[in-house]
Structure formats: structure tokens, C-alpha cells
Amino acid sequence: AQSVTQLGSHVSVSEGALVLLRCNYSSSVPPYLFWYVQYPNQGLQLLLKYTTGATLVKGINGFEAEFKKSETSFHLTKPSAHMSDAAEYFCAVSASNTGNQFYFGTGTSLTVIP
Amino acid sequence: GAGVSQSPSNKVTEKGKDVELRCDPISGHTALYWYRQRLGQGLEFLIYFQGNSAPDKSGLPSDRFSAERTGESVSTLTIQRTQQEDSAVYLCASSLVPGPGHEQFFGPGTRLTVL
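Chains as they are written, first to last, in our numbering: chain A, 1 to 114; chain B, 1001 to 1115.
Note that these hints are calculated values from the structure, not bench results.
Quick caveat: nothing in here was measured; it's all calculated off a predicted structure.
Only true hints are included.
For each label pair, taking beta carbons as the anchor points, the in silico distance ranges come out as:
(1) B/R1064 / A/Q42: 26 to 32 Å
(2) A/T72 / B/E1068: 37 to 43 Å
(3) B/K1017 / A/K68: 44 to 50 Å
(4) B/E1085 / A/E71: 35 to 41 Å
(5) B/G1059 / A/E64: 30 to 36 Å
(6) B/T1078 / A/K58: 37 to 43 Å
Virtual Cβ for every residue (Gly too), placed ideally from N, Cα, C.
Work out the full structure, taking the sequences as your base and the hints as a guide.
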């Protein structure tokens, strides 16, 4: 079975500082990995995804994530935080043996301090 | 509309009452998912529809929960005899193409409060 662990339910960074949100997954087969962002009172929006190929994936709003199979990780980074990045971030995994199910982490709330 | 829509946005009900939640997926999206998001927790898969195939109901927590979908359009999630532990945000998502590697587009959710 697949699962996702997001370390740190709350992360605070200063505006302009590096953003690092951690995600570790468990999967017995090659995974598909996703990062979604949820702004207040809105649905989840896809930031980026890894399916196959290049392990460094670039997404919207300057975010990127690197798939590291040896570490079973898919951490999300952004070089310089903006105030508008304050939101809830969810990591998710799916795989060929999960049917149509996606497995989501418990989320990380990002606060950006001016 | 351009995105997934859900109604109502908020629903407050009394314990024991039935509720219906509605989801309008993006036009042309064949796959539709329902999730539950409890406070401080991740998304919990409930049910999946794909075209005219039998739905994947493996995530429904009890027989009080049911869902229907008409063709490739609107879906309703029904919770009978609501309990306080049903309080959560219920999210609907749709996908143009089914399968594990494809993006799901989410609606804004329905916040259900059971008193």
C-alpha cells in the first residue's frame, strides 16, 4: 500500500527566505508524486507532479521538487518565499497498483513572515 | 463554469438528519472523486466514478454514505443519519483521463457541520 508522510504540520519562513516542505512516501512500485496547494476557502490546485523521466520537476509559482528514490522523498522547495505563498500544501502519491486512489499527506501550513 | 463546483459551500445540520452534497465536474472529465478532509488531517478517499463503470466505493466509511453520478455529469454524495464525526470538508475532484498519473482538479468543498 502507498502512504505519505509530511514532516512539520506548520512551517514559518521569512519573506525572501528558502521554502522547504518535506514529503516522504512509501510505495512498493514506482510512484507518481504530486504537490497541491490549498488557499483559504479554495480547492486544491496542482503545483507540480512527477510521473517519469527527469527527477527535478518544476511547477508553478517558482516551486520545484526533486524525486529521490533512494530517500523515498519528494521535497518541495522555492528559493525565495513571497507573502502570497502562505497556504496549506499537500503531498500525494499514487501508483499503478493503487487503482484510482491517491493517498494524501496530512498537509503543511506555510506561514510567510514579512 | 471553468472549474469544479460544489454546493452548498456550507451546511449545518442536526445529528440524525440526512444531507446531500452536490458536485459539478469540469465538462468532459470522465473521472470523478469524492474525498473527506477532517480538521488537521489529510484527504481521505471516499468514492470514484469513471464513465458508466461500477464505482469504486472502497473508501466509504459506512453504509450511511452513498453517492450517485449521472453519466459523466453531476454527482451527489448522501450521508444518512448524520453523526458528529461526519463533520468535515467534503471535496470533489474530476479528471479528464482516469488513472494514477493524471491531475485531479478540485472543487472548493462543502463544509459540513453536524450539531
